[in-house]
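Chains as they are written, first to last, in our numbering: chain A, 1050 to 1323; chain B, 19 to 245; chain C, 19 to 245.
Hints may be right or wrong, so weigh each one.
[Claimed, not checked] Restricting the straight-line Cα-Cα distance to at most 30 Å, the calculated cross-link-like pairs of lysine-lysine (DSS-like) are: (1) K1179(A) / K46(C); (2) K59(B) / K22(B); (3) K39(C) / K60(C); (4) K1073(A) / K1154(A); (5) K46(B) / K22(B); (6) K1179(A) / K39(B); (7) K174(B) / K1156(A); (8) K46(C) / K59(C); (9) K59(B) / K1179(A); (10) K39(B) / K59(B); (11) K46(B) / K1179(A); (12) K60(B) / K39(B); (13) K39(C) / K1179(A); (14) K1119(A) / K1154(A); (15) K22(B) / K22(C); (16) K1153(A) / K174(B); (17) K60(B) / K46(B); (18) K22(B) / K39(B); (19) K1154(A) / K46(B); (20) K60(C) / K46(C); (21) K1179(A) / K174(B); (22) K1179(A) / K22(C); (23) K1072(A) / K1154(A); (24) K1179(A) / K22(B); (25) K1119(A) / K1153(A).
Calculated from the structure, these hints are not laboratory results.
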Amino acid sequence: MSDYKVKFEVFEGPLDLLLYLIKKQEVDIYEVNLTQLASQFIEYIEVMRMLDLDIAGEFLVMASTLMYIKSRELLPVDQQVQVEGEEDEDDPRWELIRQLVEYKKFKDAAAQLQQLESRQEHVYRREAPKPVFEAELQKPDVSIFDLINAVNTILKRVTDREGEAREIYEDKWSVSEKIEMLAKLIGSKPRLKFSELFEGATSRTEVVVTFLAMLELIRMRQIVCVQSDHFAEIEITKAEPQTPTVPTEIPEQAIFEDETAKPVPSESGPTPAN
Amino acid sequence: MELKNILESVLFSAQEPLSVKDLREVLKTAAEQSPEAAEFKKASPELVTSALEALAQEHGVSGRSYRIVSVAERWQFVTQPEYAPWVKALVGERARPTRLSQPALETLAIIAYRQPITRAEVEQVRGVAIDGVLQTLLERGLVEQVGVAEVIGRPKTYGTTATFLEYFGLRALEDLPAADELRRIPVAKPEALLTVDPGLATAPPEQLQPAPAEAAPQAPAEAQPNP
Amino acid sequence: MELKNILESVLFSAQEPLSVKDLREVLKTAAEQSPEAAEFKKASPELVTSALEALAQEHGVSGRSYRIVSVAERWQFVTQPEYAPWVKALVGERARPTRLSQPALETLAIIAYRQPITRAEVEQVRGVAIDGVLQTLLERGLVEQVGVAEVIGRPKTYGTTATFLEYFGLRALEDLPAADELRRIPVAKPEALLTVDPGLATAPPEQLQPAPAEAAPQAPAEAQPNP
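Just chain A, with the same shape it has in the complex (with noise of 0.2 Å):
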């Protein structure tokens, strides 16, 4: 019995439960026998009286209609009593039929949105972070560069206030005279490697002089670096004739000047596309 009372709490209302029974007969709802349907609906209902359910109105209309059907079956067919004006449409099985079918139709469908639901919990939206420009990661000819360039800076007051040439100027080459010479070299080749420029360099000392002057002439818009690829090798062009720009004194506190406060090397010296 208290199995029963499980299966009448899940049906959704006396459709569900015929549905239910019609799958018990295992027939297809356009060949179910309907006398014996409203019987055993019928039978379900007495049996949630005798449990003490709580019966929703819905059931016993809908018991109400199955014994009509049932009492008009069990006639003879010459004695079944042809309504006054009852169209075919009207008749009473035909009508519950259509309610089945229709219901069983939209029973199926809540079935596949629940499977859609289920499915949604697993699905996760791409949120975007904000966008990274590969370009920025890179902007080799601003960043590096400019870096590098403050280490220069640094190094020649240093020295200055020392008084002294230290280590990196006691070599044969001096700053400007490797200025002198890259200029010349890259006045005769418009496309160096960032490699080359040190091929000839024999100490650790002319690295870092060639290095200084590469940077020198960088700041003096004399020369552009390019890269072509995030970890492509740099290569060194000559840069466009321009207006010679003069840095402009930042006070201490504006860390973060907009562009247009600062000339960068990129934007004022675009690179040929070749």
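Using the hints provided, position chains B and C relative to the given structure of chain A.
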């Protein structure tokens, strides 16, 4: 550069789903800001839509862990459901509304396929009252009032919302499962009751008519006197 | 299910770049939360790294508008640069991010090449006070406190962050141009403030010699722009 790749990069970078209108706006803005982006300045909605469909198709067969979908006509990248355990481990538990009950799903299905529909009409299909369920669906924003039926009493009619499509991950109402069959009512009566094969999926066209507002709700009991 | 696809779905859903450590954490959490995700619970760093490399390789040749890159040992999806006009149009970006000023760059350069370093040491090198500059670099997340110097007063020491590497597009500090050379060029440090130098594994200690003790930081006249 192909339009579909451009659209892909934009969807990929978006923080929320984008409509064709949004995307055309981006194409226009880009063209105005950057000379090199001029080519697709005036891409038509049809062109954008078909590029998106081609793109979604490509991603669909790529075997990657994500794909492109359109939900409520707004395009977006989503991860495939089978990767949910890891994505969840990364982003944490999402606040997702509780699952819908069986009565709510049935009611929602009827409204979705038969909209606009009155409450009485839904009740007639389900055979039970739907007061509480309808209230829940309204509160969750899955359905909304869309008008009134031109019948006695001018009852409210209901339909589904964009939230409904989003909740189930559907592009449009046309994407509802078996939409054609279910949306256009009436159930065809077989020639001879109890003997004919149902074959409802192939109901003849003349029987596929829009839901008539005249379908005045009538409880089954009213149709016949009690014996 | 393949590890690389799982990692892809995670990177795809991430709001920020993820390290191998982060990803292994996700694999572990997922395995603890979902039985079906148990397989990769204890994927080794080597396994994760090689899966990521294979994945980045696949995406690199896929011809899509985005790919996977590793910056500062953190993995992420990025859009290809040629789509920047549209992506920028999407996010409404017009102005490039503000750039660092010359004083900020100099300070950053000193910290980058000589970390860990105290504020007083930086000021000694630059010849001016750096309060405001240092504050900005800290706020911008380019430098951070990394410890204290074992000298009188135990001043804080500073070093660069992962954001610093990202900002300059570097994989690691070793990738700083001419790092070895520039690190070794002697820079005067006041004797009293000389820090123990635990961090610079590449710089032979004998080359980090203290210069003769010197006068305290110079007058602000030093702050003039480059000659």
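*List, from low to high, the hint numbers that the structure doesn't satisfy.*
Violated hints (numbers, rising): 19, 21; every other hint is consistent with the structure.
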